[in-house]
Amino acid sequence: MRLSAARSALCPFEITVHSGPQAAREALTLLLDALSCLSLGAEEVCVVRLVVAEMLNNIVEHAYPDPHPPGPIHIACHHAPDGLHLAVSDEGLPMPDLQVPLGLPKEIDRPVCDLPEGGFGWFLIRDLAKDLTYRRLAQENRIDLRLPVGLPPR
Amino acid sequence: MEVSAKTEDRFCVVSVLHDRIDAAAALEFKDALRRAAAHAPPVVILDLHRVNFIDSSGLGAIVAAMKHLAPQRALVLAGLTPAVEKVFTLTRMDRVFGIFHTLDAALTAHRE
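As given, the protein sequences belong to chains A and B, one line each in that order. The first sequence begins at 0 in numbering that gives the first Met the number 0 and counts up one residue at a time. The second sequence begins at 0 in numbering that gives the first Met the number 0 and counts up one residue at a time.
No lab work stands behind these hints: they were computed from the structure. Backbone N, C-alpha and C define an ideal beta-carbon position, used for all residues, glycine too. Treat the hints with care, as some may be off.
To list a few chain A residues with every Cβ distance to chain B over 10 Å, as calculated [said to hold, decoys possible]:
1) C10
2) Q21
3) C36
4) S38
5) A41
6) P68
7) P71
8) A75
9) D81
10) H84
11) D96
12) Q98
13) P104
14) T132
15) Y133
16) R134
Derived lysine to aspartate or glutamate pairs resembling EDC-like cross-links, with alpha carbons at most 20 Å apart [stated by the list, open to error]:
17) B:K85 with A:E106
18) B:K85 with A:E43
19) B:K29 with A:D113
I would like the entire structure built from these sequences, with the hints used as guidance.
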């Protein structure tokens with residue numbers, strides 16, 4: 000029980016990075032540093048890295064595409080018994096149709112020359128993240144999600 | 000993106016010397032691999048044992064490299080770390096590539 004008490008000792012925090020090619024790397028450095036007190040396992044760190052990298056790459060590419068001016072990306076994070084809750088927001092273009100892509104699995108039973116080279120990002124996010132919701136608030140995109148990591152020992 | 004290439008009779012080993020192939024590195028990786036494998040024999044073994052993170056852009060770049068080499072040359076993967084293997088498994092792209100756990104296993108299989 001001491002372990003679970005220690006694990007929930009992560010104070011809620013927020014980080015902000017500027018949209019650009021290095022945004023995902025910068026955010027991950029800050030985020031993983033802040034999460035170090037949770038002593039996440041390698042597999043859990045992998046989940047955090049993948050989801051956050053995909054989320055930020057999508058924002059850089061689609062919310063702040065060239066030649067639109069880049070802008071801030073915020074990640075608010077808090078830890079609860081059911082995992083890590085992230086709120087990722089930006090001030091860029093809204094999602095098409097104000098909806099998060101479905102991220103369906105890609106068709107791979109096809110000749111090499113027809114294999115997909117993209118479109119894996121939302122599939123990975125939807126596969127690894129739970130309770131994902133998207134809202135367009137005034138000039139802001141906001142995605143809330145939960146990562147089932149840092150759970151109390153059973 | 001630095002890679003090293005070693006060519007034997009029937010195959011060439013391209014080793015990625017960086018620890019990640021992410022969105023920021025994907026284009027460079029694609030270029031580096033194309034250069035390294037330009038005159039490669041029929042099999043190109045991509046040694047990923049130093050890579051501890053790829054995202055969907057990195058995965059896309061590896062798929063693009065395989066498509067670029069085909070149909071004359073096959074791209075096989077070796078030395079996947081757990082985090083890299085996870086991305087291939089989740090996206091089911093592990094069914095598309097020949098994958099060897101270690102570089103040694105890939106070398107042995109292709110020297111026979």
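* Of the hints stated earlier, which fail here? -> Violated: hints 2, 5, 13.
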